[in-house]
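Asker: Sequence:
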Amino acid sequence: MFRALTETDLEFMGVRLMPGYKDPYYKRPITKGEIGCFMSHYRIWAKTTYEGLDEVLVLEDDARFEPYFRFKLQMVLNELRRLKVSWDLVYIGRKSLNDNNESRLENSKLLVRPGYSYWTLGYLLSGRGAKKLLNANPLKKLLPVDEFLPIMFNQHPQAEWLEQFDERNLIALSASPLLIYPIRYTSDDGYVSDTEDSVTVQVARDEPSTDRKEIKEDL
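Take 1 as the starting number for the sequence shown in full-length UniProt numbering and just add one per residue.
By construction, these hints were calculated from the structure, which means they are not laboratory data.
Treat the hints loosely; a few may be bogus.
The list that follows gives simulated cross-link-like pairs (lysine-lysine, BS3-like), each with its CA atoms no further than 25 Å apart [what the hints assert, rightly or not]:
#1 109 to 72
#2 140 to 32
#3 109 to 95
Label pairs and their in silico Cβ distance ranges [to be verified]:
#4 83 to 23: 34 to 40 Å
#5 8 to 84: 48 to 54 Å
#6 100 to 25: 18 to 24 Å
#7 177 to 140: 34 to 40 Å
#8 140 to 102: 38 to 44 Å
No residue lacks a Cβ here, since even glycine has one placed at the ideal position from N, Cα and C.
Sequences and hints are given; from them, build the entire structure.
Answerer: Right, dumping it as structure tokens:
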């Protein structure tokens, strides 16, 4: 469904792309796959808030679990409770792009404060964290979700993107070592990415989809 979206369809749904966004590595606009990925995460944040959930575990479908994943995840949860640390989001799978900007939590062997990170393979999210993400109103200046999250905990290198969001107070942590990794990397045989390999979205004057009701219900 997301591959069929036009810019006009996005406007109908109240979605606005961040002006001037270019992928930091590929220097291209956002793709339809990245929009679909963001909307999937957004729906989880909204459901978490609507149902009043205290904590949720968010996993993407290309995650590869480390051995003894459940045991290790429970150890991370126990560590959070033992330290009585305040948190909104805890990565359990990501790609750190600035290890030198990360520090281990005091008295912790399993948690660090993350710097700028790629990927949203998996993370724990608190109810308060979900509200913070929604309150940022990201659908009005949408960019890929793995760029949005570092913005929200004020660790993104693009200052002009940071300035788009006034409240950047998400309390983020990360498991270290990580608990999940991608099933395949870009250099592996058989690697396919629905986000990176889909077509980009440009500001266009295309006619909107005729089945708008279906689009709104799917979101």
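Asker: If a hint holds in the structure, say so; if it doesn't, say that too.
Answerer: We went through each hint and held it up to the structure:
no.	hint	verdict
1	109 to 72	holds (12 Å)
2	140 to 32	holds (16 Å)
3	109 to 95	holds (19 Å)
4	83 to 23: 34 to 40 Å	holds (36 Å)
5	8 to 84: 48 to 54 Å	holds (49 Å)
6	100 to 25: 18 to 24 Å	holds (20 Å)
7	177 to 140: 34 to 40 Å	holds (37 Å)
8	140 to 102: 38 to 44 Å	violated (30 Å)
In terms of the numbered hints stated before, the structure departs from hint 8 and from no other.
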